[in-house]
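So the sequence shown is residues 25 to 163, counted in this note's numbering.
It should be emphasised that the hints constitute simulated quantities derived from the structure, not laboratory data. There could be a bad hint or two in this list.
[Claimed, not checked] The calculated label-pair distances, taken between Cβ atoms and stated as ranges, are:
{"hint": "1", "residue 1": "Met142", "residue 2": "Glu40", "range": "38 to 48 angstroms"}
{"hint": "2", "residue 1": "Lys55", "residue 2": "Met142", "range": "42 to 52 angstroms"}
{"hint": "3", "residue 1": "Asn71", "residue 2": "Pro163", "range": "27 to 37 angstroms"}
{"hint": "4", "residue 1": "Ile124", "residue 2": "Thr151", "range": "21 to 31 angstroms"}
{"hint": "5", "residue 1": "Glu122", "residue 2": "Thr79", "range": "20 to 30 angstroms"}
{"hint": "6", "residue 1": "Ser148", "residue 2": "Ala27", "range": "35 to 45 angstroms"}
{"hint": "7", "residue 1": "Thr151", "residue 2": "Ala76", "range": "23 to 33 angstroms"}
{"hint": "8", "residue 1": "Cys34", "residue 2": "Ser148", "range": "38 to 48 angstroms"}
{"hint": "9", "residue 1": "Arg114", "residue 2": "Ile139", "range": "32 to 42 angstroms"}
{"hint": "10", "residue 1": "Trp94", "residue 2": "Ile124", "range": "23 to 33 angstroms"}
{"hint": "11", "residue 1": "Arg128", "residue 2": "Ile77", "range": "22 to 32 angstroms"}
[Stated by the list, open to error] In silico SDA-like pairs for lysine to any residue, Cα to Cα no more than 20 angstroms straight-line:
{"hint": "12", "residue 1": "Lys156", "residue 2": "Phe133"}
{"hint": "13", "residue 1": "Lys156", "residue 2": "Glu144"}
{"hint": "14", "residue 1": "Lys55", "residue 2": "Gly70"}
{"hint": "15", "residue 1": "Lys55", "residue 2": "Thr69"}
{"hint": "16", "residue 1": "Lys97", "residue 2": "Ser85"}
{"hint": "17", "residue 1": "Lys160", "residue 2": "Thr150"}
{"hint": "18", "residue 1": "Lys140", "residue 2": "Thr151"}
{"hint": "19", "residue 1": "Lys160", "residue 2": "Thr129"}
{"hint": "20", "residue 1": "Lys111", "residue 2": "Val80"}
{"hint": "21", "residue 1": "Lys111", "residue 2": "Ala27"}
These numbers were taken from a predicted model, which means no experiment stands behind them. No residue lacks a Cβ here, since even glycine has one placed at the ideal position from N, Cα and C.
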Amino acid sequence: VVARGMGTCCVSGCGEIIVNYDKKQFTLGGKTIREGDYISIDGSTGNIYAEAIPTVPATISGNFGRFMEWADKARRLQVYTNADTPKDARQARAFGAEGIGLTRTEHMFFEGTRIKAMREMIVSDTTEERRKALAKILP
Numbered sequence: 025v026v027a028r029g030m031g032t033c034c035v036s037g038c039g040e041i042i043v044n045y046d047k048k049q050f051t052l053g054g055k056t057i058r059e060g061d062y063i064s065i066d067g068s069t070g071n072i073y074a075e076a077i078p079t080v081p082a083t084i085s086g087n088f089g090r091f092m093e094w095a096d097k098a099r100r101l102q103v104y105t106n107a108d109t110p111k112d113a114r115q116a117r118a119f120g121a122e123g124i125g126l127t128r129t130e131h132m133f134f135e136g137t138r139i140k141a142m143r144e145m146i147v148s149d150t151t152e153e154r155r156k157a158l159a160k161i162l163p
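Working from the sequences, and respecting the hints, build out all of it.
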């Protein structure tokens, strides 16, 4: 769940995998994958494919889209999302979220330039210096 939330694929519980850290490779099902090789992971099934499979952005369409329209008309609860980045927030709003329910502000500092700007803000001597530093992290 944590990996998926960070946009990172993860397959756990794969007891048959043999990892060679020194050679930066792993072997699974008789196939060796080396650092730099492309793989694709299906996070729903746990399948690993030894190639870069083309992907498309998720959409709400077809029968699922129709069902969600019906649900929107009947529901009484508001739907909020967890979003840690502006991109997450835009995606959630595009899928129908009405707002942001939780954001972990520390995640905004994963990008190296943002933490530097925050440190500049903390050690600033004047209000103007603080504003200039904060302007660097605004979307």
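Here is what the structure says about each hint:
For methionine 142 and glutamate 40, the hinted distance range of 38 to 48 angstroms is satisfied, since their beta carbons lie about 44 angstroms from each other. Between lysine 55 and methionine 142 the C-beta distance comes to about 44 angstroms, which sits within the given range of 42 to 52 angstroms. For the pair asparagine 71 and proline 163, the beta carbons lie near 36 angstroms from each other, so the given range of 27 to 37 angstroms is met. For the pair isoleucine 124 and threonine 151, the supplied restraint of 21 to 31 angstroms holds, since their beta-carbon distance comes to about 28 angstroms.
Distance hint check: the CB atoms of glutamate 122 and threonine 79 are about 27 angstroms apart, consistent with the given range 20 to 30 angstroms. Checked against the hint of 35 to 45 angstroms, the pair serine 148 and alanine 27 passes, with Cβ atoms roughly 36 angstroms apart. Remark: the range hint 23 to 33 angstroms for threonine 151 to alanine 76 is contradicted by a beta-carbon distance near 49 angstroms. Look at cysteine 34 against serine 148: about 39 angstroms separates their beta carbons, and that is inside 38 to 48 angstroms.
Judged by the Cβ atoms, the range 32 to 42 angstroms given for arginine 114 and isoleucine 139 is violated: they are separated by roughly 23 angstroms. Between tryptophan 94 and isoleucine 124 the C-beta distance comes to about 25 angstroms, which sits within the given range of 23 to 33 angstroms. With their beta carbons about 30 angstroms apart, arginine 128 and isoleucine 77 fall inside the hinted range of 22 to 32 angstroms. About 17 angstroms separates the Cα atoms of lysine 156 and phenylalanine 133, which keeps this hinted pair within 20 angstroms; it holds.
For a cut-off of 20 angstroms, the pair hint linking lysine 156 to glutamate 144 stands: about 9 angstroms separates their Cα positions. Between the alpha carbons of lysine 55 and glycine 70 the distance comes to roughly 16 angstroms, so the proposed pair stays at or under 20 angstroms and holds. A C-alpha spacing of about 19 angstroms is found between lysine 55 and threonine 69, which places the hinted pair at or below 20 angstroms, so the restraint holds. At most 20 angstroms may separate the alpha-carbon atoms for a hinted pair to count; lysine 97 and serine 85 meet this at roughly 17 angstroms.
This hinted pair checks out: lysine 160 and threonine 150 have alpha carbons roughly 16 angstroms apart, not beyond 20 angstroms. Distance hint between lysine 140 and threonine 151 is fulfilled; the C-alpha atoms sit about 17 angstroms from each other, no more than 20 angstroms. Distance check on the hinted pair: lysine 160 and threonine 129 sit about 16 angstroms apart at the alpha-carbon level, within 20 angstroms; holds. Of the pairs offered as hints, the one joining lysine 111 and valine 80 holds, with about 16 angstroms between alpha carbons and a cut-off of 20 angstroms not exceeded.
With a C-alpha separation of about 17 angstroms, the suggested pair lysine 111 and alanine 27 falls inside the 20 angstroms cut-off, and the hint holds.
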